[in-house]
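Quick note, the sequences are listed as chains S, Y and B, same order. According to the numbering used here, the first sequence is numbered sequentially starting from 1. According to the numbering used here, the second sequence is numbered sequentially starting from 1. According to the numbering used here, the third sequence is numbered sequentially starting from 1.
Worth double-checking, as some hints may not be accurate.
[Stated by the list, open to error] Think about it this way: if two alpha-carbon atoms lie no more than 35 Å apart in a straight line, the pair counts; the simulated DSBU-like pairs of lysine-lysine are: (1) B:K37 to S:K46; (2) S:K53 to B:K88; (3) Y:K47 to B:K164; (4) B:K156 to B:K83; (5) S:K53 to B:K164; (6) B:K197 to B:K163; (7) B:K163 to B:K37; (8) B:K164 to B:K255; (9) B:K83 to S:K197; (10) B:K164 to B:K2; (11) S:K197 to B:K244; (12) B:K197 to Y:K29; (13) B:K195 to S:K197; (14) Y:K37 to B:K2; (15) Y:K47 to S:K232; (16) B:K164 to Y:K46; (17) B:K244 to B:K195; (18) S:K197 to S:K243; (19) Y:K46 to S:K197; (20) Y:K46 to B:K88; (21) Y:K44 to B:K163; (22) Y:K46 to B:K255; (23) B:K244 to Y:K44.
[Claimed, not checked] Derived list of chain S stretches under chain B, where covered just means 3 residues or more per stretch with a C-beta under 8 Å from a C-beta of chain B: (24) 17-27; (25) 45-54; (26) 87-97; (27) 314-326; (28) 353-361.
Derived by calculation from the structure, the hints in this document are not laboratory data. Remember, predicted model here, so these are calculated numbers, not experimental data. Every residue, glycine too, gets a C-beta built ideally from N, C-alpha and C.
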Amino acid sequence: MKMVLSGNEAAAYASMIARAEVIPAYPITPQTKIVEKIADLIADGKFNTQFIKMESEHSAMAAAISASLVGARTFTATSSQGLLLMHEMLHWASGSRTPVVMVNINRAIAPPWNVWADQSDSIAQRDTGWIQFYCESCQEVMDTTIQLYKICEDNDVLLPAMLSEDAFYLSHTSEPVDMPDQDAVDTFLGKFDPPYKLDVENPHSFGSLSMPHQWYMEFRYKIALAMEEARKKIVEVDREYGKIFGRSYGGMLDLYRCDDADIVLVAAGSMSSTIRVVVDELRENGAKVGFARLRVFRPFPAEEFRSLAAKVGTICVLDRSFCFGYEGAFFTEIKAALYGIDNPPLVRGYVIGIGGRDVTRNSLINIINDSNNPEIKGPVDTWVDLKRC
Amino acid sequence: MSDEHEIKITCYDDLQPAPVTMGKSLVFKTGSWRTMKPKIDLEKCKKCGFCWKFCPDMSIYEVDEYPVIDYDYCKGCGICANECPFDAITMLEEDLE
Amino acid sequence: MKHTIPQEEYMERGHMACLGCGGAHAMRYLLKGLGEKTIIALPACCWAVIPGVYPYSCMDIPLQYVAFEVTGAAISGIEAALKAKGKKDGTTVVGWAGDGGTADIGIQALSGAVERGHDVKYVCYDNEAYMNTGIQRSSATPRGAWTTTTPVGSTKAWKQTPKKNIVEIMVAHEIPYTCTASVAYPEDIIRKAVKMKEIEGPCYMQILAPCPTGWKYPPEKTIEIARLATETCIFPIYEVTDGKYKINKRIRDDKKKNIIDYFRTQGRFRKLDETTIQQIQSSVDAEWELLKKKEKCFGEEI
Ligand SMILES: Cc1ncc(C[n+]2csc(CCOP(=O)(O)OP(=O)(O)O)c2C)c(N)n1
Ligand code: SF4
Ligand code: SF4
Ligand code: SF4
Ligand SMILES: [Mg+2]
């Protein structure tokens with residue numbers, strides 16, 4: 001069904017079409033429309049779900065984990081401060097191996113207060129054991145949310161996943177979105193049926209004390225293995241989804257005009273569409289520019305970057321976040337992925353769009369021009385569009 | 001540890017995805033913690049059931065209507081002796097052989 | 001042998017509680033009342049260790065270990081999921097937390113859960129300090145008590161403020177049922193557990209569960225000390241059903257013991273001076289009188 005939906009509404013509809021059974025959530029700008037839309041869908045009798053209006057995000061995640069352990073398909077959504085408040089529970093979700101699916105609206109972290117696009121909130125959750133996706137369009141939000149249930153609920157994966165979309169640029173921008181057919185989604189997803197549930201008929205204790213000499217380390221190793229399984233599953237599910245629903249998104253790393261490119265930009269989120277326009281423009285002028293959209297940050301597409309690197313001269317990494325004391329996280333990780341390969345490309349990092357600052361055509365052109373500059377600058381010198389003295 | 005209740009796990013492949021318990025705590029013979037040992041004098045016992053009721057370790061059971069102590073698990077806290085209204089239970093030094 | 005409480009056990013031998021742990025009694029009795037169709041969420045506290053190490057558990061019912069501050073949220077999620085799955089009927093969802101997990105770090109999640117009206121039962125086993133981490137004070141530690149963070153010393157730095165009255169905070173949420181209980185009175189705990197099971201909606205129970213390790217008394221005294229807490233009226237046993245108060249262990253004025261009789265049994269009160277004891281006695285008396293008045297005002301017509 002074709003509708004005109006914002007990123008937020010697409011997320012709400014996706015939770016409905018995926019038949020999320022329990023939705024504990026707490027409102028925060030710019031995510032509010034997701035919870036309001038879900039409330040509307042329920043009030044209109046279109047969505048049959050247990051919607052719990054929690055008293056905090058921390059509690060929302062805790063409730064989602066418990067609900068998932070009972071065997072219910074769960075959904076929640078948050079942003080920025082809310083995501084940070086959840087941090088402890090994010091680890092709890094992966095440690096419990098509960099496939100909770102969450103939409104996060106990438107918003108800046110206070111102080112100072114700022115509700116605009118910035119990916120620092122989700123980057124700060126990198127090591128929580130969550131699968132992390134970044135979306136470019138409202139349609140992709142819809143499709144990826146559905147895909148995530150298929151990926152996460154696989155018994156070899158059983159990990160939680162977070163889908164991030166940029167504040168306002170995506171959360172509040174409306175686009176035509178096709179919502180897939182309910183029957184087709186039902187068939188695609190099947191039922192959530194984890195191997196062990198909180199169940200009075202089959203009592204177990206979930207999460208008990210494990211000692212240094214036995215089993216804590218092994219349980220952590222199993223999370224690591226599950227992430228490797230997720231890697232395969234993500235590509236597989238995206239391909240299968242494409243076959244059934246006619247749309248797929250390049251698996252882990254979404255390559256655009258990279259085949260014969262000399263310079264490739266790397267970025268995640270809503271700035272991708274601006275980058276595509278700039279790439280097209282420069283291509284028309286004969287420049288060999290391409291774009292690699294980081295769709296999945298965890299598990300990290302290291303192999304994909306290595307094969308890309310074999311073909312290109314320069315990679316310009318754009319981070320809409322910054323790890324204080326070092327550099328942008330994407331930049332660091334891409335360089336690490338390329339360590340030790342033959343003839344590595346030049347990899348340059350730029351920090352851009354912090355706190356919702358517009359990522360313009362001109363900024364991007366400047367970055368591409370700068371990439372030919374032989375002088376390598378330090379991480380604090382590559383903040384793009386900064387008002388410098 | 002007691003073999004009868006032991007769950008065999010040798011490597012990470014034997015584990016469930018998440019820590020989901022598979023066996024009973026009966027494997028832990030907490031009787032080894034004991035330094036004092038309760039002893040019931042059946043002559044004095046009036047079968048009131050207080051010792052059974054107040055044992056925090058479920059270590060008193062019934063045989064022929066009389067209380068019997070399960071020394072595999074009794075930790076020797078002395079509550080049974082303290083609560084027995086008829087002074088039928090005495091706490092003795094555990095012999096340490 | 002006489003059995004004044006049900007013989008079924010839902011907890012196994014071999015658990016890890018210290019000798020004479022009142023928290024072990026509390027769980028044993030509660031489960032006898034609730035029965036096997038019970039799911040428990042349990043946060044960080046002594047009870048997170050008591051069931052034993054993986055892959056073993058002393059619990060015969062399903063149990064989820066949860067983070068310290070989320071018990072109320074976890075049971076909300078369990079209840080909602082059971083409803084979504086059509087499995088709620090006949091299943092009792094229980095949050096079981098220590099006084100720290102209840103009155104301090106978990107109070108937000110607890111308040112949220114009962115305000116939303118989930119059909120959940122929240123039980124606090126109250127040992128009046130953070131025992132799992134080595135006897136630090138909680139807001140439910142009574143005035144005058146030594147803990148490792150109220151170490152007395154030469155400046156008499158025992159806990160200065162009164163015990164937070166979480167029971168009245170729960171009553172103020174206008175939930176269907178709130179009660180106190182004590183391991184000294186197993187039959188009463190079991191009756192109340194059965195009652196909570198039958199009520200649809202949020203219920204709160206606070207069980208006084210003396211801790212020999214943290215209160216500094218010999219382990220055989222657990223039940224005796226719990227009984228004294230009620231006989232001195234420092235921990236009265238009462239219930240509030242739909243706003244109506246009822247004292248379940250009525251202490252006649254001529255039988256009411258002095259607070260000093262209770263304090264003398266425990267090392268944690270050993271250094272208290274006469275003035276403070278008198279002040280505490282007066283406030284215990286005042287609270288007790290107030291409770292009796294509430295029973296009269298809001299209670300059933302007798
Ligand atoms: C967020 C967080 N902060 C602190 C702790 C450490 N901690 C674990 S148990 C505990 C005290 C528990 O006290 P209480 O709830 O009274 O239970 P008890 O151990 O006394 O039975 C603390 C402080 C923790 N696990 N998590
Ligand atoms: S000494 Fe304690 S543990 Fe042993 S039987 Fe008596 S009450 Fe139970
Ligand atoms: S408490 Fe004493 S009298 Fe009562 S059953 Fe036990 S041993 Fe016998
Ligand atoms: S420290 Fe206290 S509450 Fe904790 S297990 Fe020991 S006796 Fe029980
Ligand atoms: Mg405590």
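Quiz item: Going through the earlier hints one by one, which of them does the structure break, listed in rising order?
Solution: Of the numbered hints given earlier, those the structure breaks are 3, 4, 10, 11, 15, 16, 19, 20, 21, 23, 27, 28, listed in rising order.
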